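> Put together the whole structure using the sequences plus the hints.
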Amino acid sequence: MPVSLTVNGKTHSLDLDDDTPLLWAIRDEIGLTGTKFGCGIAQCGACTVFIDGSATRSCVTPIAAVEGAEIVTIEGVSGKPAEAVQAAWNALDVPQCGYCQSGQIMSAVALLSENGKPTDDDIDQAMNGNLCRCATYVRIRAAIHDAAKRMEG
Amino acid sequence: MTLLETNTSRRSFLRGAGAAGLGLVIGFRFEPHGVAGRAAAQNADVFEPNAFIRITPDNIVTIFCKHIEFGQGPFTGFATIIADELDASRDQIQVEHAPADASKYANLFFKIQGTGGSTAMANSWDQLRQAGAEARARLVQAAAEEWGVPSTEITIDGGVLKHASGKQASFGALCQKAAITELKSAATPKTPDQWTYIGKTFPKVDTKPKTNGEAVFTIDVKLPDMLTCVIARPPRFGATPKSFDATAALEVNGVAEVFAVPHGIAVLAKGYWQARKGADALQVEWDESAAETRGSAGIMAHYKELAAKTGQIARNDGDAESALENGATVIEATYSFPYLAHAPLEPNDCVIHRDGDGVELLLGSQLQTIDQMTVAAVLGLKPEQVAIKTMLAGGSFGRRATPASDMAAEAALVLKAAKHQGPIKVIWSREDDIKGGFYRPLFVHKLRGAVDGEGNIVSWDQVIVGQSFVFGSPFEQTLVKHGIDELMVEGASNMEYTIPNLRVSVHREEVGVPTLWWRSVGHTHTAYAVETFLDELAAAAGADELELRRKLLANSPRHLGVLNLVVEKAGWGSPVADGRARGIAVHKSFNTFVAQIAEISKGEDGLPKLEKVWCAVDCGQPINPDVIVAQIQGGVGYGLSGVLYGAIDLEDGRVVQSNFDEYRALRIDEMPEIEVHIVPSTEKPTGIGEPGVPPIGPAVANAWAKLTGQRVKELPFTRGVGNA
Ligand code: FES
Ligand code: FES
Numbered sequence: 001m002p003v004s005l006t007v008n009g010k011t012h013s014l015d016l017d018d019d020t021p022l023l024w025a026i027r028d029e030i031g032l033t034g035t036k037f038g039c040g041i042a043q044c045g046a047c048t049v050f051i052d053g054s055a056t057r058s059c060v061t062p063i064a065a066v067e068g069a070e071i072v073t074i075e076g077v078s079g080k081p082a083e084a085v086q087a088a089w090n091a092l093d094v095p096q097c098g099y100c101q102s103g104q105i106m107s108a109v110a111l112l113s114e115n116g117k118p119t120d121d122d123i124d125q126a127m128n129g130n131l132c133r134c135a136t137y138v139r140i141r142a143a144i145h146d147a148a149k150r151m152e153g
Numbered sequence: 001m002t003l004l005e006t007n008t009s010r011r012s013f014l015r016g017a018g019a020a021g022l023g024l025v026i027g028f029r030f031e032p033h034g035v036a037g038r039a040a041a042q043n044a045d046v047f048e049p050n051a052f053i054r055i056t057p058d059n060i061v062t063i064f065c066k067h068i069e070f071g072q073g074p075f076t077g078f079a080t081i082i083a084d085e086l087d088a089s090r091d092q093i094q095v096e097h098a099p100a101d102a103s104k105y106a107n108l109f110f111k112i113q114g115t116g117g118s119t120a121m122a123n124s125w126d127q128l129r130q131a132g133a134e135a136r137a138r139l140v141q142a143a144a145e146e147w148g149v150p151s152t153e154i155t156i157d158g159g160v161l162k163h164a165s166g167k168q169a170s171f172g173a174l175c176q177k178a179a180i181t182e183l184k185s186a187a188t189p190k191t192p193d194q195w196t197y198i199g200k201t202f203p204k205v206d207t208k209p210k211t212n213g214e215a216v217f218t219i220d221v222k223l224p225d226m227l228t229c230v231i232a233r234p235p236r237f238g239a240t241p242k243s244f245d246a247t248a249a250l251e252v253n254g255v256a257e258v259f260a261v262p263h264g265i266a267v268l269a270k271g272y273w274q275a276r277k278g279a280d281a282l283q284v285e286w287d288e289s290a291a292e293t294r295g296s297a298g299i300m301a302h303y304k305e306l307a308a309k310t311g312q313i314a315r316n317d318g319d320a321e322s323a324l325e326n327g328a329t330v331i332e333a334t335y336s337f338p339y340l341a342h343a344p345l346e347p348n349d350c351v352i353h354r355d356g357d358g359v360e361l362l363l364g365s366q367l368q369t370i371d372q373m374t375v376a377a378v379l380g381l382k383p384e385q386v387a388i389k390t391m392l393a394g395g396s397f398g399r400r401a402t403p404a405s406d407m408a409a410e411a412a413l414v415l416k417a418a419k420h421q422g423p424i425k426v427i428w429s430r431e432d433d434i435k436g437g438f439y440r441p442l443f444v445h446k447l448r449g450a451v452d453g454e455g456n457i458v459s460w461d462q463v464i465v466g467q468s469f470v471f472g473s474p475f476e477q478t479l480v481k482h483g484i485d486e487l488m489v490e491g492a493s494n495m496e497y498t499i500p501n502l503r504v505s506v507h508r509e510e511v512g513v514p515t516l517w518w519r520s521v522g523h524t525h526t527a528y529a530v531e532t533f534l535d536e537l538a539a540a541a542g543a544d545e546l547e548l549r550r551k552l553l554a555n556s557p558r559h560l561g562v563l564n565l566v567v568e569k570a571g572w573g574s575p576v577a578d579g580r581a582r583g584i585a586v587h588k589s590f591n592t593f594v595a596q597i598a599e600i601s602k603g604e605d606g607l608p609k610l611e612k613v614w615c616a617v618d619c620g621q622p623i624n625p626d627v628i629v630a631q632i633q634g635g636v637g638y639g640l641s642g643v644l645y646g647a648i649d650l651e652d653g654r655v656v657q658s659n660f661d662e663y664r665a666l667r668i669d670e671m672p673e674i675e676v677h678i679v680p681s682t683e684k685p686t687g688i689g690e691p692g693v694p695p696i697g698p699a700v701a702n703a704w705a706k707l708t709g710q711r712v713k714e715l716p717f718t719r720g721v722g723n724a
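In order, the protein sequence lines correspond to chains A and B. If you're matching positions, the first sequence starts at 1 in my numbering and goes up one per residue. If you're matching positions, the second sequence starts at 1 in my numbering and goes up one per residue.
For the record, the hints were derived by calculation from the structure and aren't laboratory data. Values in this document were obtained by computation on a predicted structure and should not be read as measured data. Incorrect hints may appear among the rest.
Covered by chain B, according to a simulated footprint, are these stretches of chain A (three or more residues, beta-carbon under 8 Å) [what the hints assert, rightly or not]: (1) 10–21; (2) 47–60; (3) 68–75; (4) 85–92.
Note that the Cβ used here is the ideal one computed from N, Cα and C, for glycine as well.
Here it is in structure tokens:
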């Protein structure tokens, strides 16, 4: 039975086993590779996407569970918080290797969509599931504050 | 070659790898092969003054970076220097990886193409300035000829050539003419007063694609008819497959074929998930007769026994032994450092496909020349038949610089054995990576020190026990000096503290666990042992740890420079809030000097909680200060991960940890605020990717000792704090 997935507003019918993680459907089948594989067990956040608006680890989300849901990846993320986050990330040159950054950005957008003025503690809590082996954390924190300011303006 | 001669110690890192160990490399002529992008070089409209710069009629300046970009910033470093020499505008610059071609793109310190030892900018500095200056001079001359004016009257501003008459032209408009211009006199690089970007601001060139999902890493490569490969890997190092049953694996949807390679069983499938499922469904029997079956605890205990005796002498000033006997106060300490995985966030991976009469690899290649040669040997090709498209890599920290080219070699082995004739992408899982070896080796240090009646440090004896990954590798001839692997003792044997009786010795043990350089290599353990033991000796001598360092470094001005700067910026000596303490450390690595002060408290989990870190760095002439700041911030974070939490253990030869749930890495709530201060310098640029790592461990440990009275000598802290 093909599974139908709606990613960034486009519906795809995929002939995959039900237990296939959404991550691999997005990357290998749909061909959107901005969403990354870092651990496969919900420990690193590199695979973060939005499912009906909430930030979710796609590596542990079977496709059967998200049929019919609105799935948004880094390639499709939009709106005021997303624009502010991406602008701040660029202004502060946050990325180093860049591999974790799609996931970081998705988590930051989710945070700012809920909380327009996060404190350092809010940020630490919301971003704790996103590993950055390059340790760009100082700039991630600063960029989220910067994005919050941009959203006011 | 002056660059080689003027660079000392660490520069010898791989120097002889090209000259001696890999002498065969030099014999080959590397022809650019199968790299579509280079075809444009034949185009007469294109101005390509040298291997690093191409200017096209669309006014784009493309820079070819010979070093892999994995976050440490060479793309931006190359762009900063060349854009400055050209007076180009920031917007017209784009950077690509250069193809694998050691004849054009050798690391001038290694003589082969490769990145490591924090040498990317240090080896390229003069080369790139000259390359940029020549390109600029030819553009100017082309304009002068076109306009019939003296070239001395032409200026360039933001990528536009101008003359007082009002004439102006872009690089793009002049590139055709510049391409056929020959310089009448040698071009000279700018003087520092003429710099517009170097040492100032030049935003990173690779940020945007890393914020919108567009950046393409190896794992993202898609080629027509490509299959993904997952390899079932042995449970112990040195084991090989004896037999396997692929029945269940072949029933997994999307699995195309299953076959043995020398080190495991390869499963080819439509995508990663199918290949993974297939590999998990395999029944494999392993031949473990040659496998390493020891546990890390046993190895550690053995090392501790060895540490009781002096090893091979790496340094011997005065007479450490009798000075210890005569010392008024003698202290000793034994330190232990576990195996550490690099765990870059992009798992190991490699794409390979047949291309004409050879192959092309797409991978985050850190030692392109060695990857080329290794793959050529596996496939019976000539090295020039192996093209490499270097991809962005999601970190490395040393992992992608394996002398055995593990990722490239196994991709070639898979290609060779597969029925499938199309492209293949090999992907490791995180578990494959954490369990897969190439660790920072396990080390034990035993230190003894003596203080005389006046509080002077009169003796220092350090015995280092560990494993070498240099012996038996192509790097042996360069890095082994007088029978000693420099990388095991660097940071200790060459310490700059003036101590009259100083001995450093080393025992090298053979263990069947593959090991490798891990961001800052030997300094990951030597700096910790040296800088914490020095604090302990200061206490024994009743001396202040800062004053003692100043005294012992009186003849080391650049050490003093960073030490004094960090002290000033942190306000060292002024009162610290209740429940907090500060520690200090200073260390030179990769010809760069870094001092750090860590302010900590005790966290709820009983571990150090980092409140703030101050850093001072002297890496010679700063090229791109913001990249320096970023690398020091990242180095502190990476170092903290290792020191506070990192450990790979073996039980009966099997690796215990498997993923980030068990191999803990630093998270955002554990990352302190970090201030970075750069010492102004006109010395040649030195390394920056690694030197931020070594001082953070000892700075934290020294603060922890003050806060709690406990000196942590067993790493990581998660163990040392409990067991101290
Ligand atoms: S890949 Fe999903 S959390 Fe790491
Ligand atoms: S930027 Fe490299 S892992 Fe985050």
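> Next step is simple, just say for each hint if it's right about the structure.
Do the hints match the structure? See the list:
no.	hint	result
1	10–21	holds (count 4)
2	47–60	violated (count 0)
3	68–75	holds (count 3)
4	85–92	holds (count 3)
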